[in-house]
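Can you make the complete structure from the sequences, with help from the hints?
Number of protein chains: 2
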Amino acid sequence: MNNPEQFLRAHIEKVISLTDEEAAFIISHFQLKTFRKGQFIIEVGNDVNEVYFVLSGLVKLVYEDQDAKQHIVSFAMEDWWETDFQAFYTQNKAQLTLECIEDTLAYGLSFDNFEKLFSDSRKMERFFLRKSIAGHIGSQTRILSFLTSNARERYEQLLSKNPSLLQRVPKSSLASYLGVSRETLSRLF
Amino acid sequence: MNNPEQFLRAHIEKVISLTDEEAAFIISHFQLKTFRKGQFIIEVGNDVNEVYFVLSGLVKLVYEDQDAKQHIVSFAMEDWWETDFQAFYTQNKAQLTLECIEDTLAYGLSFDNFEKLFSDSRKMERFFLRKSIAGHIGSQTRILSFLTSNARERYEQLLSKNPSLLQRVPKSSLASYLGVSRETLSRLF
DNA sequence: TTTAAATAGTGATATTTGTCACGGCATCAA
DNA sequence: TTGATGCCGTGACAAATATCACTATTTAAA
Chain A
5 MNNPEQFLRA HIEKVISLTD EEAAFIISHF QLKTFRKGQF IIEVGNDVNE VYFVLSGLVK
65 LVYEDQDAKQ HIVSFAMEDW WETDFQAFYT QNKAQLTLEC IEDTLAYGLS FDNFEKLFSD
125 SRKMERFFLR KSIAGHIGSQ TRILSFLTSN ARERYEQLLS KNPSLLQRVP KSSLASYLGV
185 SRETLSRLF
Chain B
5 MNNPEQFLRA HIEKVISLTD EEAAFIISHF QLKTFRKGQF IIEVGNDVNE VYFVLSGLVK
65 LVYEDQDAKQ HIVSFAMEDW WETDFQAFYT QNKAQLTLEC IEDTLAYGLS FDNFEKLFSD
125 SRKMERFFLR KSIAGHIGSQ TRILSFLTSN ARERYEQLLS KNPSLLQRVP KSSLASYLGV
185 SRETLSRLF
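These protein sequence lines are chains A and B, in that order.
Residue 5 is where the first sequence starts when you use this note's numbering, and the numbers rise one by one after that.
Residue 5 is where the second sequence starts when you use this note's numbering, and the numbers rise one by one after that.
Calculated directly from the structure, the hints in this document are not laboratory data.
Warning: the hint list may mix true and false statements.
All copies of an identical chain are treated as equivalent in the list; a pair is satisfied when it fits inside any one copy or across any two copies.
Claimed, not checked - The calculated lysine-lysine pairs, modelled on DSS-like cross-linking and capped at a C-alpha distance of 30 Å, are: (1) Lys175 / Lys127; (2) Lys18 / Lys97; (3) Lys73 / Lys165; (4) Lys135 / Lys175; (5) Lys18 / Lys120; (6) Lys165 / Lys135; (7) Lys135 / Lys18.
Next comes the structure, spelled out in C-alpha cells:
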C-alpha cells in the first residue's frame, strides 16, 4: 500500500466529495495498523473497540459453534470495512473472530472516534449511512443465494463476484463461507 | 391502528428524542396508505418510489426465480420498515415483490421526502443510520443461521423470535422463508 | 349454498449433502 | 533432510432434504 491516506480518501470520495481540510480531519481519526498472517484482530469474549478499513491483505470473520466448527461470516479484502458489527455498535463482547488470512494493513477507527466523526462531520454520517445500506443490500443478496441456489451455484456466484478468492483462500474456507462441507465442494467440479 | 402519528413518533423516539415540532415536521413527510390482503405494493419491473413503515398488518418481500418458484426474503409486520431496498436506494426497477398477507396500514415515505428528511433533520439521518445498522446485523444473523443450522433449528429460531408468524402465515410461506420445501417442514414435527 | 382454490399432511422415491476414513502432496520449520 | 501440519481429493456410507403424487380439510369466492 503506497499511500494509505490517499487510498482511504479516494474510497470515501466514491460516495461524497471532500475538501483537503475535510479529508485531513477525517483521516486524523484513523490509526494505521499492521497484522501478520494468522494473527487474530478480534477474539471471542474481548471488547471490540475498532472497525477496520482494509488497505491491503485479507481477513476472515468467523463464528465458531458449540461443536467447535468454524463458519465464515465474511471475507474482507482491500477497500472493505470489517469488524464484529454487533459487538462494535452495541459495545458488547465479541461473538466473532477476525483473523488474518494474509499479512494485512488496515486503518482502525475506534468507537469513540467513530462517534466523534459523525457528530463532527455531516458528510461522514452520510457516508456511513450509504455504506451501511450497501452492506444491508449485500447481506440480502447472500440470503437470496441460500434460498435460491444449491452449493454449486453459490460457489459459481462467489467466484464470479470475487475471482481472486480462489487464489487467495483455501477451498476449505470457501466451503465454510458457502455453508457446505469441504468434501462436497471438492466433488462439485 | 388508533393513532398512526403517535405510533411512528414512539418508534422513532426509541432511538432519538424529538420535540413536538420536530415530530410534526417529520411526520408531514409521510403518507398514510391502506392495502388489502393479497394486494401488491411493489411489483417486479416497476419503480420503487417509497419505503414503508408498517403500522398494522403483515407483508412479505418475495423473489421469484426462473422456475417461477417463490422465495421469501423477509416478512414485515407492525413496527417494521420494508421495501425493495436495492431498487429504492439505487432508483432502479424492482426485482422483488411486496405483497400483503393481511390487510395492512402503512406510512409511505417517498424517495424525495426520504432525501429531504435527512438533509433537513440531523436526527433522522442518525435514526436511519441506526436502523440500517440494525438491519445489517439482522441479516448477518440470518446468514449465520443458514451456515450453522438445519431446517428444524432454523424453524425453531424463527418461531422463538417471532411466535406470531405461526398464526398469521401459512406454513408453506414459512418454509419458503427458511429455504426448505413445504413437505420437509411439514415432516419436522 | 356450492364450487374452486389454498393449505396441510404423508407415502414413495430420488437427489443432495454430510461424515468418516484414508492417502497423496505441498509447505514450513526444526 | 526430516517430520509435522495443512490442504485436497475420493471412496463408502448415512442423513437430510427435494420431488412427485395423492388425499383431506379449510377457506374464500361465485
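Outcome of the hint check:
1. In this assembly of identical chains, Lys175 and Lys127 lie within 30 Å of each other by CA distance neither inside one copy nor across copies; the values are 40 Å within and 45 Å between.
2. Only between protomers do Lys18 and Lys97 lie at most 30 Å apart by alpha-carbon distance; the minimum there is 23 Å, versus 32 Å within a single protomer.
3. Within a single copy, Lys73 and Lys165 get their C-alpha atoms as close as 26 Å, and across copies as close as 24 Å, so both meet the 30 Å cut-off.
4. Taking the closest pair of Cα atoms, Lys135 and Lys175 come within 30 Å of each other only inside a single copy of the chain (29 Å); across copies the shortest separation is 35 Å, beyond that limit.
5. When the C-alpha separation of Lys18 and Lys120 is checked against a cutoff of 30 Å, the pair qualifies both within a copy, at 22 Å, and between copies, at 21 Å.
6. In this assembly of identical chains, Lys165 and Lys135 lie within 30 Å of each other by CA distance both inside one copy and across copies; the values are 18 Å within and 27 Å between.
7. Taking identical chains as interchangeable, the C-alpha atoms of Lys135 and Lys18 lie at most 30 Å apart whether they share a chain (11 Å) or sit on different chains (23 Å).
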